[in-house]
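Asker: With the hints as a guide, bring both chains together as one complex.
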Amino acid sequence: MKEDILIIEPGRADRQYWRDLWAYRELFLILAWRDVAVRYKQTLIGVAWAVLRPFLTMVVFTLVFSKLAKLPSEGAAPYALMVFAGMLPWYLFSSALSGAADSIVANSNLIGKVYFPRMIVPAASLITALIDFLVSLALLVGLMAWYRFVPGWQVLLLPIFVLLALLVSLGPGLWISALNVKFRDFRYVIPFILQFGLYISPVGFSSTIIPDHWRLLYNLNPLVGIIDGFRWCILGGESPLYMPGFILSLAIAGIFLWLGISTFRATEKSFADLV
Amino acid sequence: MSDVVIRAENLAKKYTIGHSSQPERYTALRDVIARGMRSAFRQAKDLALGRPIIKGDELEEVWALRDVSFGVRRGEVIGVIGRNGAGKSTLLKIFSRITEPSAGRVTIKGRVASLLEVGTGFHSELTGRENIFLNGAILGMAREEIKRKFDEIVAFAEIEKFLDTPVKRYSSGMYVRLAFAVAAHLEPEVLIVDEVLAVGDAEFQKRCLGKMDEIAQKQGRTVLFVSHNMATINRLCQRCILLDAGRVMADGYPHTVTGLYMTSDTGTMASRVWSEPGMRPGDAVARLNAVRVLQGGQIAESIDIRYPVDIEMDYECLAEGAQVLSALAFFDAQGNHLFVSADFADEQWAQPRPAGNFRSVCRVPGNLFAEGFVRVVAEVSTRKPVYQTHFLEFDSVGFQVVDTGEPGSMRAGWGRPIPGVLRPMCDWRTFARPNAPTEPKPGG
Chain A
1 MKEDILIIEP
11 GRADRQYWRD
21 LWAYRELFLI
31 LAWRDVAVRY
41 KQTLIGVAWA
51 VLRPFLTMVV
61 FTLVFSKLAK
71 LPSEGAAPYA
81 LMVFAGMLPW
91 YLFSSALSGA
101 ADSIVANSNL
111 IGKVYFPRMI
121 VPAASLITAL
131 IDFLVSLALL
141 VGLMAWYRFV
151 PGWQVLLLPI
161 FVLLALLVSL
171 GPGLWISALN
181 VKFRDFRYVI
191 PFILQFGLYI
201 SPVGFSSTII
211 PDHWRLLYNL
221 NPLVGIIDGF
231 RWCILGGESP
241 LYMPGFILSL
251 AIAGIFLWLG
261 ISTFRATEKS
271 FADLV
Chain B
1001 MSDVVIRAEN
1011 LAKKYTIGHS
1021 SQPERYTALR
1031 DVIARGMRSA
1041 FRQAKDLALG
1051 RPIIKGDELE
1061 EVWALRDVSF
1071 GVRRGEVIGV
1081 IGRNGAGKST
1091 LLKIFSRITE
1101 PSAGRVTIKG
1111 RVASLLEVGT
1121 GFHSELTGRE
1131 NIFLNGAILG
1141 MAREEIKRKF
1151 DEIVAFAEIE
1161 KFLDTPVKRY
1171 SSGMYVRLAF
1181 AVAAHLEPEV
1191 LIVDEVLAVG
1201 DAEFQKRCLG
1211 KMDEIAQKQG
1221 RTVLFVSHNM
1231 ATINRLCQRC
1241 ILLDAGRVMA
1251 DGYPHTVTGL
1261 YMTSDTGTMA
1271 SRVWSEPGMR
1281 PGDAVARLNA
1291 VRVLQGGQIA
1301 ESIDIRYPVD
1311 IEMDYECLAE
1321 GAQVLSALAF
1331 FDAQGNHLFV
1341 SADFADEQWA
1351 QPRPAGNFRS
1361 VCRVPGNLFA
1371 EGFVRVVAEV
1381 STRKPVYQTH
1391 FLEFDSVGFQ
1401 VVDTGEPGSM
1411 RAGWGRPIPG
1421 VLRPMCDWRT
1431 FARPNAPTEP
1441 KPGG
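Chains as they are written, first to last, in this note's numbering: chain A, 1 to 275; chain B, 1001 to 1444.
Keep in mind the hints are simulated off the structure, nothing from the lab. Some hints could be false.
Derived pair list, reagent style DSS-like, types lysine-lysine, alpha-carbon separation capped at 30 Å [said to hold, decoys possible]:
hint	chain 1	residue 1	chain 2	residue 2
1	B	K1168	B	K1109
2	B	K1168	B	K1147
3	A	K41	B	K1147
4	B	K1014	B	K1168
5	B	K1149	A	K41
6	B	K1218	B	K1206
7	A	K182	B	K1014
8	B	K1149	B	K1211
9	B	K1161	B	K1206
10	B	K1211	B	K1109
11	B	K1161	B	K1211
12	B	K1149	B	K1109
13	B	K1206	B	K1168
14	B	K1211	B	K1168
15	B	K1109	B	K1161
16	B	K1206	A	K41
17	B	K1168	A	K41
18	B	K1014	A	K269
19	B	K1168	B	K1149
20	A	K269	B	K1211
21	B	K1384	B	K1441
Here are a few chain A residues that face chain B, going by a calculated C-beta distance under 7 Å [what the hints assert, rightly or not]:
hint	residue
22	L6
23	I7
24	I8
25	E9
26	L27
27	I30
28	L110
29	K113
30	V114
31	Y115
32	D185
33	R265
34	K269
Each residue gets a CB set at the ideal place from its N, CA and C atoms; glycine is no exception.
The shape of chain B in the complex, shown without the other chains (with noise of 0.2 Å):
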């Protein structure tokens, strides 16, 4: 009997896409129509011209993936790593079953279990008890088996005070650990995690990295584990698959890929260009050209903790004399506004401007990011006669914060995820005050 419980083979995923420029979440009938009737009138207007007829000119297909084959042994840890869109998360959706694959084929052997997230269908009004008999069922245990394990999961969770409270008095720390105790007791052959470790509490996480480590070791159980943290996919897996693009661009040990990964960009999040005049960003007095992420002079999407990195801001002043600002702003993945950055600290703000296209610079200082996605608002406004915005373009571009575990990151070899929207490296100073008076001495 071969070993290799998981094994895909050339799989594909397409998505068809509207080809519109701000995107939706989903579509009102009202969009439909009338973009039934843009499209309409455009064919009569090509019929009446003597063009041929495009049909579904607003419909583009996007490949999440393609071409995707790999086998996975058992007992293995396998990690995997990638860019925003490079199909990690179409991936992991078609081994949890939740989209099916456009062609190839996957075999699973044995009972699958996927966390894409922490308490998933968690209900706030249901008490501790109640939702775990809830989440269990949403994961696929059997009630029998959940009630068998029960005092194991409360155990773990440490919440046996408040087993009968409602989880919407719980704090967030009670409420992920209760999650995970489920989540770990699922004892799948094939787990599939994703980054549900980066939250908890350092103590906690420490908990669910050594139950994972048990779950793949001790257990023999397969583990697939998409994670940004190149960190914890170094310490914990021992292969590594690098998608691009919905490809597999490098399939090894974790060193080797993730090192790849950190080399090897090309940039799309990281760079958009607005070419089309009529669609860039912008009104009477400035419009938005181009926003790029580099650093070391490169375009890049994943950029090294360690070093600066620069966002450039390419937009055309359109008015004669504007006295225009420009401004950055930056989100992590969660929405927090990091904070903001404008050009009016060197006074040109105050410079009334003549027209023609600008390039704005803002270079942000290495550590000074935590790892994670990094999103950027790009704003241009003039502060007088009174305080106007030219555009506000959101998702202008976004990057990755890498952080390799090399030295010269506040991280300094610590393997585990570390919490904070920011993680600068302080100043630190340590030394002993041999003459400061001391605790006595039991006894003495």
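This is chain A alone, in the form it adopts within the complex (with noise of 0.2 Å):
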């Protein structure tokens, strides 16, 4: 019988991450099974908070926008449904951002005693927000209903965007989540920049309002890429992507993420001397 060896030294870990993250999959799947199971356990309405929040903003932005601004939708497209097509992408970013940032500090106990691949934690919390998404998904379906509006074919495409957008909130995620170990001013940063974005992002009104000379630079925030790319899915032909500016924000997010595995990586060998 052919018997493991481990060898512990110095660096070792790093080059066998990759391989011992997938080796620790079934550690990934049960935490985020963990993470869904309490917030559903903890909850009293459970499920209804994904649907109510997105759904009571949406209306308020609605009224706001649309009513009292007097913004155009995005071609014949309901203003509702064009709203609501940007609050799906942004509140999976917000939730997925704010629970992988907070993830390492919240499982400290564990990092402390067993040994994984510490970024399985941030990865599994996204589960959750991914959860929510798809409650929020199907009251999208009853909206469409009520506005008796018809998708085209784009729709078919909406998981690649919904991957995406979960990649865009995992870069930053991973970054701050990292830094949260070492700077605990850190979870500070996190409602901040969400209630920042949810003002620079096109989620109560459409980027087409955007000149078209800025167009190119708004779309360095890259949650206008993936909210775009949403409205294109969800209302077809009504929304054209507008690809320069799609490929900029992917691009932006790529960086992002980049950027977060580097620091996460660097510093997760310090998080149980720290946590």
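Answerer: Written as structure tokens, this is what we have:
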């Protein structure tokens, strides 16, 4: 019988990192399951939160931006639907980011007592955000039926954009979760980013109202590309995708992801000593 | 094939710690900025005065482990002992891959499971059933394996009736039983255990020790066991390693090594001296100079449970005529406040004192503390005209109370942990009462 031989020496965990990550996939699943189970056990109305929050925000945004500010929708799509199509990726991003950023400190009891590739923890926290997203997606289907709006073939590409939205949140999420271990001040950065981001991202309005010569610059915010992508999928032809901007958004998201992973990898060895 | 399953070669672990007077668990960004500005200011001052600039003078390197080498053969149960801070936990953390060594290498053959605490990752909202799967996965078991052993785990923990109750409703005994049951069914080739047996009721501890014996003897697995309980080490292990200041000080038969541990006190935690005048705790009335733990006149970090221990406190009274009162508070490792003791019994506090240096010594009788770590809080205050604390030094000193199992203590040869935060030797008398009425004998 072949016996596993474990060698521990400085720098060794680095070399087999991605192999380890794969070997611990079951732990990833069980941690994700735990987060989801606990989330729905501890809340009174559970699933309803995932519906209520985006729904009420949508109502307010539609009233403020459409009725009061008289901003245009995209093509013939109802304003409420357009807002909701932007709200979905926004809430996916915001809950994924705050979950991931807080995950390492929240799981400090595990980090200090057992070994596993630490990246599993923030990655597993994304799943809770994904489940909430799927619940709100059901609400979108309801809204579409209400407005008798039939999406085009583009809606089949939605899963790709969901994955992109998760990757966009993972980058900064990893970065902040790593910094959070050493400097607890960073947890206060999250509510700020999210509050600020809600207004600088095209959630309550359409990105088409941005003047053309600013549009590319506006796409430096990676969420702009993701939200536009969601709208393109859900509203179909009513919301054409602005390609150069979309690619720029993806590039920025890629840079954030790289930054997040490299910071996380560089600091994770000291997590057990710090948490 | 050689039968060495664990081989540690020249292991070393270095920590860089901030040179700040109060230890912090984490740093806040503002502290870092403040510290950065302080050191920038100092560097600028040094530059202006033409002194060499010392970079990173706020940092200090500490070696938690140095040149640690040993091998463990298959089926061996090996105990690791040493004072707090000797490197035991660091060694365990390296073996269980929680932290990486700074130098050296460890080779382990076979699957490793480490139990650094009971119930790692247990979630209080989840049920017993859910926690078995969660904890099993965290300890490295595959889902299939947990399913296979599920009934066995539940039976061992005796929680059949409460399987679907959230563990937050469990009694602490049930909680510990469930946690140990999962861990005991891991079946690793190498098991690393850190004092987890110091919890739970006596009956359960007996079964845990039995299970550990079984793991080692019958299944031929290797156990690395860290403990402060010399009696358990002597009973359970075939070999014992003594760590001191990050190095292997002794390696051999448990009785020899635990005996050496008892007599080898140089004391680091047991003595603290504040030599820098500005750094001394206190105010304009009284300042602390030193606190020491002594047994038999020697500074002692490990004290024998059977004999008295002296806590010596040196302080300076700066105000003329203050009515000073010195006091000590004792806490155990779990943070339980054991008791306080102050010198007001001899009316000394009522007398105004001249300024100058004083020494107060408190003798705590033998056979009072339980085994384990004791932390001492030192205080000087004045009662009159108003109650005022001049210094209250948490973590002033600490010491380990050790029971070797020799006669003269409450243990009296008992090999397992004894619960309770104190362990006084009470006066017991048992005698026969021949004339008292007895239960009528059946048929009589």
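Asker: All hints are to be evaluated individually against the structure, with a verdict given for each.
Answerer: How the hints compare with the structure:
1. K1168(B) x K1109(B): violated (38 Å)
2. K1168(B) x K1147(B): holds (23 Å)
3. K41(A) x K1147(B): It holds: about 24 Å lies between the C-alpha atoms, which stays within 30 Å.
4. K1014(B) x K1168(B): violated (39 Å)
5. K1149(B) x K41(A): Status holds; Cα separation ~27 Å.
6. K1218(B) x K1206(B): holds (17 Å)
7. K182(A) x K1014(B): holds (18 Å)
8. K1149(B) x K1211(B): holds (16 Å)
9. K1161(B) x K1206(B): holds (23 Å)
10. K1211(B) x K1109(B): The hint holds at about 22 Å.
11. K1161(B) x K1211(B): This hinted pair holds, its Cα atoms lying about 23 Å apart.
12. K1149(B) x K1109(B): Satisfied, since the Cα-Cα distance of roughly 24 Å is no more than 30 Å.
13. K1206(B) x K1168(B): Judged against 30 Å, a Cα distance of about 25 Å means the pair holds.
14. K1211(B) x K1168(B): Between K1211(B) and K1168(B) the Cα gap is close to 26 Å, so the pair holds against 30 Å.
15. K1109(B) x K1161(B): Outside the cut-off at roughly 39 Å; violated.
16. K1206(B) x K41(A): Violated, because 36 Å separates the two Cα atoms, which is more than 30 Å.
17. K1168(B) x K41(A): holds (13 Å)
18. K1014(B) x K269(A): holds (13 Å)
19. K1168(B) x K1149(B): Distance of about 23 Å is within 30 Å: holds.
20. K269(A) x K1211(B): Given pair K269(A), K1211(B) is violated - Cα atoms ~34 Å apart, limit 30 Å.
21. K1384(B) x K1441(B): violated (68 Å)
22. L6: With a minimum Cβ separation of about 4 Å from chain B (threshold 7 Å), the hint on L6(A) holds.
23. I7: Since chain B brings a Cβ to about 5 Å from I7(A), closer than 7 Å, the hint holds.
24. I8: This interface hint holds because 4 Å falls under the 7 Å limit.
25. E9: holds (4 Å)
26. L27: holds (5 Å)
27. I30: holds (4 Å)
28. L110: holds (5 Å)
29. K113: holds (4 Å)
30. V114: holds (6 Å)
31. Y115: At 4 Å from the nearest chain B Cβ, Y115(A) passes the 7 Å test, so the hint holds.
32. D185: This interface hint holds because 4 Å falls under the 7 Å limit.
33. R265: Interface hint status for R265(A): violated (13 Å vs cutoff 7 Å).
34. K269: holds (6 Å)
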